[in-house]
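What follows is each chain in one-letter form.
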Amino acid sequence: MKGMQLWFARNSGALFALALFITMFAVYVVKNGVGLRIGLVTAVANKGVLLALVAMGQTLPILTSGLDLSIGMIFVLTNCIASAILSGPPWLVAAGSVAVLLGGVLCGAINGTLVVYGRLQPIIATLATGAVYHGLALIIRPVPGGSIDPTLARAWTSQIFGVIPTTLVILLAVVLLIWVPFQLSTTGRGCYAIGSSESAAYMTGIAVRRSRFAAYMFAGLLAAIGGLLLTAMTLSGDASATSGGIYTLSSIAAVVIGGTSLMGGVGGAVGSIFGAFVLRAIGDLLFVFDIQPLVQPFIQGLILLVAVSLGAIRVLRTPNRLDFLGVGR
Amino acid sequence: MTRILNVVDRPVVIAFCFVVVLLILGGMYNQQFLSALYLLQQLRVASFLGIIASGAMVVILLGHIDLSIPWVVTIGGITATAVAGWWGAQWTALGVPLAVACGALVGLANGLGVAFLRIPSMVFTLGMNAVVQGMVVMYTGGNAPPDQATPILQWLAVRDTLSVPHAVIVWALVGVLVIVALNRTPFGRYVYAMGNTERVTYLSGISTRRILIIAFVVSGTCSAFAGAMLAGYAGKAYQAMGDPYLLPAIAAVVLGGTSILGGRGNYLGTVAGVILITLLESILSVMQISDSARQIIYGTMIIVMMLVYGRDRRVEG
Amino acid sequence: MAQPNLSVPFWRMHGISKHYGGVRALENVELTVERGRIHAVLGENGAGKSTLIKIMSGVVRPDSGTMEIEGRPVQFASPADAMRSGVVSIFQELSLVPDLTVAENICAPEPPRRFGLINRRAERRLAEALLSRVHCEDVHPDELVCNLPLSRRQMIEIARALGRSPKLLILDEATSALTATDVERVYAILDRLRTEGLAIVYISHRMREITAFADDCSVFRNGRRVESFPKGSKSGDAIVKLMIGRDYKDVYPVKTVRTPAEAPILEVENLNWGARLAGIDLVVRKGEIVGLGGLDGQGQRELLLALFGVLRGVDAKIKVHGKLKRINSPRDAKHRSVGMALIPEDRKTEGLVVPLSVRDNISLAAVGRFARGGFIRTLAETQAVKDVFRTLSIYAAGIDVAVRTLSGGNQQKVVIAKWLLTDADLFLLNDPTRGIDVGTKQEIYKLLRKLTDLGKGVLLYSTDYAELIGCCDRVVMLYEGRIVRELGENALTEQNILTAAFNVPENQVTVGEAAR
Chain V
76 MKGMQLWFAR
86 NSGALFALAL
96 FITMFAVYVV
106 KNGVGLRIGL
116 VTAVANKGVL
126 LALVAMGQTL
136 PILTSGLDLS
146 IGMIFVLTNC
156 IASAILSGPP
166 WLVAAGSVAV
176 LLGGVLCGAI
186 NGTLVVYGRL
196 QPIIATLATG
206 AVYHGLALII
216 RPVPGGSIDP
226 TLARAWTSQI
236 FGVIPTTLVI
246 LLAVVLLIWV
256 PFQLSTTGRG
266 CYAIGSSESA
276 AYMTGIAVRR
286 SRFAAYMFAG
296 LLAAIGGLLL
306 TAMTLSGDAS
316 ATSGGIYTLS
326 SIAAVVIGGT
336 SLMGGVGGAV
346 GSIFGAFVLR
356 AIGDLLFVFD
366 IQPLVQPFIQ
376 GLILLVAVSL
386 GAIRVLRTPN
396 RLDFLGVGR
Chain S
42 MTRILNVVDR
52 PVVIAFCFVV
62 VLLILGGMYN
72 QQFLSALYLL
82 QQLRVASFLG
92 IIASGAMVVI
102 LLGHIDLSIP
112 WVVTIGGITA
122 TAVAGWWGAQ
132 WTALGVPLAV
142 ACGALVGLAN
152 GLGVAFLRIP
162 SMVFTLGMNA
172 VVQGMVVMYT
182 GGNAPPDQAT
192 PILQWLAVRD
202 TLSVPHAVIV
212 WALVGVLVIV
222 ALNRTPFGRY
232 VYAMGNTERV
242 TYLSGISTRR
252 ILIIAFVVSG
262 TCSAFAGAML
272 AGYAGKAYQA
282 MGDPYLLPAI
292 AAVVLGGTSI
302 LGGRGNYLGT
312 VAGVILITLL
322 ESILSVMQIS
332 DSARQIIYGT
342 MIIVMMLVYG
352 RDRRVEG
Chain Z
447 MAQPNLSVPF
457 WRMHGISKHY
467 GGVRALENVE
477 LTVERGRIHA
487 VLGENGAGKS
497 TLIKIMSGVV
507 RPDSGTMEIE
517 GRPVQFASPA
527 DAMRSGVVSI
537 FQELSLVPDL
547 TVAENICAPE
557 PPRRFGLINR
567 RAERRLAEAL
577 LSRVHCEDVH
587 PDELVCNLPL
597 SRRQMIEIAR
607 ALGRSPKLLI
617 LDEATSALTA
627 TDVERVYAIL
637 DRLRTEGLAI
647 VYISHRMREI
657 TAFADDCSVF
667 RNGRRVESFP
677 KGSKSGDAIV
687 KLMIGRDYKD
697 VYPVKTVRTP
707 AEAPILEVEN
717 LNWGARLAGI
727 DLVVRKGEIV
737 GLGGLDGQGQ
747 RELLLALFGV
757 LRGVDAKIKV
767 HGKLKRINSP
777 RDAKHRSVGM
787 ALIPEDRKTE
797 GLVVPLSVRD
807 NISLAAVGRF
817 ARGGFIRTLA
827 ETQAVKDVFR
837 TLSIYAAGID
847 VAVRTLSGGN
857 QQKVVIAKWL
867 LTDADLFLLN
877 DPTRGIDVGT
887 KQEIYKLLRK
897 LTDLGKGVLL
907 YSTDYAELIG
917 CCDRVVMLYE
927 GRIVRELGEN
937 ALTEQNILTA
947 AFNVPENQVT
957 VGEAAR
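Residue numbers (this note's numbering), protein chains in the order written: chain V, 76 to 404; chain S, 42 to 358; chain Z, 447 to 962.
Honestly, I wouldn't trust all of these hints.
Some chain V residues flagged as far from chain Z (calculated, every beta-carbon gap over 12 Å) [as the list claims (entries may be wrong)]:
1. Gly78
2. Met79
3. Ala101
4. Leu138
5. Pro225
6. Val255
7. Thr261
8. Gly263
9. Ile269
10. Ser271
11. Ala275
12. Ala276
13. Thr279
14. Val283
15. Ser336
16. Met338
Ranges between beta-carbon positions, derived for each pair [claimed, not checked]:
17. S:Leu302 / Z:Arg823: 46 to 54 Å
18. S:Val217 / Z:Arg836: 50 to 58 Å
19. Z:His465 / V:Arg194: 40 to 48 Å
20. Z:Gly820 / V:Val250: 50 to 58 Å
21. Z:Ser783 / S:Leu218: 27 to 35 Å
22. V:Leu252 / Z:His465: 16 to 24 Å
In short, the hints are calculated from the structure, not lab data. Positions of the beta carbon are idealized from the N, C-alpha and C atoms, including for glycine.
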């Protein structure tokens, strides 16, 4: 019993985000007059999964009390690469997909190298690499264009067994095959340790550098998966700085809403998935409630503020002010 | 006292060295580059970034960050130019004060959220940025703001006296204020202490909330003021005019030796960083390098410079 | 496993030196530790003990010298390296990761695995086994470490160390936060390990522990090993003399005789805070040193924090100099009309801004008083800082050096200096001499008496009974958040303190119980 209690306490952030999303989605389904149609669910899922993947990627560096400001650009860059090489015979397309993923891994590895071995502060390092990745994306796609094998695109963006959106299945596969093993590995657990107390982690004998490097590398990989799916959905590549910027910042918001602390050491990628869906749901809800389009950005910003403020309510209740002043900060 | 005398901070020196290097490289490419006219123009353009970076630096010194800069700049620009349209031509003088008041108000909201609700500044100011954007969209209906820059704004942003651009003078004044505040007032001491450890500063009987709020108000004020001047420079305010300034402002502060974690930094370094970035962008555009290559060079240069003097201390337990 | 080579000592260090910038932390140190013996390392703060331990544990590398395990030379590139060679350390600054669970911490860095992934169930079982070895069965393995009190955390550190199959166990002040029962348990465990052939290095400030417990002792002073000797060959006084290099007597300053009708500085009536503090009534008069005593964690720290305005939801009537005051923050407490000062528990994380200079730290709390029209009058400020620097005899190269280069005792003096500049009338001290060397302790006691001679008041929480008896005019004993006894001048004996600490009613004390 005590074990369950502790589990709930530890995952309360993610559970709250899940509850929030379910509520919002339920309201959306009820209000839109069309009900729970497959096409609708697929559309919601597709948009949500894109952000969810980027948010999952962002979770890892944040757990190590770092940040990846280039993740949106890795997302865009891999989209552009995919739009250039994902056509032709099936084996070429398969090889191309792997190449795209490797591209994301490489970007992540560069980030990791700068932060771990170059000892640069993550914010500034990824700020700079983001610009570089954007430049590379522009070289590949100076103007939006390119293509992707249409059968593949359709397969990824429709449904399995006609009912479950493929993207959700892909997301589930990513969670089971990438996130869970990572969390259960010493490298993954090391990420939590570093974010919680780097000196304690070091003195405990945890491989600090390896864990931190892995965090940035996997962030790149997850962003690349997102990039592949984006190509499937838009059937093209677009080196859009705006899009990259929006995805970067939204991923941070999704991570926070999902219960991961920006200080590191607490949280997880599953919560970030829920956080991403909550963010997406906000936009859909506004649409469904016929909120004037001009007012929408304002409401979106307001809701974002409110969502993260709700997490702050817990803080208002602590009786010892020293508790939230943190150690040394 | 030590901080004023410590003008020869290592990162500041290195940053200024890079400025010199860039000037030399630019001069080799094109003689015109080293002409007084061109350099003064660069300083003028740098002023806008410089004023924004001044506010950003104070917040970063506290270990926080202000991501609402883009749209506060925009709202500053719009307010300064729209006043005449609202209340009549005789009120144009109110443009800048009103813009600054707007920025201060947003900064106040940021400060309250971070200080009282203890929401991480990265998240709160991000949300605030979206809210301010929303307000601007509501006001302009999504279209370009119709108002033109007022004569006052143009005088500030475009004119010079004795060949010295007014914008540069304004930046210098702001800079002096910041230097004095950081080095000769209790506020400055508290900022450096808080940036290192808010806990100890709080336990020493200082109102850490007040310092936080003041810092964000300063940042909002600087951003809005810069927005007003930018509107004067461009002739009008326009949507998303602040977007290109956020990342360069942060980069300038950090390149100048201020630690992104707070507690360490010298304003002269920020000056060097601002000039550095402005020169870099200018050289790249003069060389007519394509946008893609520019991004790559920009990013690579920041990385190289940081590798030279911006590294974290190693964890030794 | 190869047969241990019994002819050579288990551990030998030779010619070990370590410098930090210009500071000499260790100079040409030689140390030998035998199997099956407890080797105590003694010395004041700044003597080099913690650097020694860090080198032995692989946390830092020596500048020169060699280390040998069973005759084989070794070099540690990291703590993980040292652990693999069988050197396991328990540090004073706990090395538990706060946001991980007890089980995750205990089994780090090599948890039990299945198919390459961590086997959570096996991890939990292993943790439970180790927890029961240290008699901490009440701790749930899935509990987050940050939610546990300090004493439990220290026991978990010990459990973890045991789980790493140590050949050389190093304890650095590992019992400083433990309750009396837990300390006894640790002794029993160490005793058993000793008979099993483990080599043990033990650092502690508790002289009584060392003289009763250790087989061998080495005394360090100023980065050098001064002398090593076996158990029983030196008296406590002689050992202290070795540590400080001069003659010394444990003397507390003379308590002044006061007229009882001095005006009260602080009057607390019916202070309550949640479930932790109940019905506290307290008075501190001018010229008085009032002690707070009792077992660990009975609310003493919380009481000080409550008075200083750090805690929310404190329900109390507090009068300062006879006037009712609301103290909702340290800022309120520091204000001229209240005039309180708090010397906190942990100087590194609560008392000092470590990267800044001595001067910036000393003037932090009072810099507002040196400001005219918004600007700091630097000359006046520098003079005031220099004055208090001299008054407290702070040992440092000057006021502009980084405070992190000072020894623990001098760092504590900087914290006190900071508050002296604020002209406070009431000083709250949260266990100020813990982990401080003997010489500085003396100076702090003298300073407290000097303050009260000037008419200030002192409220002193200390975990050292001798200190309470020696320094205070009277002691207020807390038990479970309530005041259970107030011991006046004549009743200040160790026996009375102990019985009050355990909340044994006065007339029920027998000889056997009092000795507990």
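Going down the list of hints, with the structure as the test:
no.	hint	verdict
1	Gly78	5 Å, violated
2	Met79	9 Å, violated
3	Ala101	32 Å, holds
4	Leu138	10 Å, violated
5	Pro225	39 Å, holds
6	Val255	9 Å, violated
7	Thr261	7 Å, violated
8	Gly263	9 Å, violated
9	Ile269	9 Å, violated
10	Ser271	4 Å, violated
11	Ala275	5 Å, violated
12	Ala276	6 Å, violated
13	Thr279	5 Å, violated
14	Val283	9 Å, violated
15	Ser336	9 Å, violated
16	Met338	9 Å, violated
17	S:Leu302 / Z:Arg823: 46 to 54 Å	31 Å, violated
18	S:Val217 / Z:Arg836: 50 to 58 Å	36 Å, violated
19	Z:His465 / V:Arg194: 40 to 48 Å	23 Å, violated
20	Z:Gly820 / V:Val250: 50 to 58 Å	56 Å, holds
21	Z:Ser783 / S:Leu218: 27 to 35 Å	33 Å, holds
22	V:Leu252 / Z:His465: 16 to 24 Å	51 Å, violated
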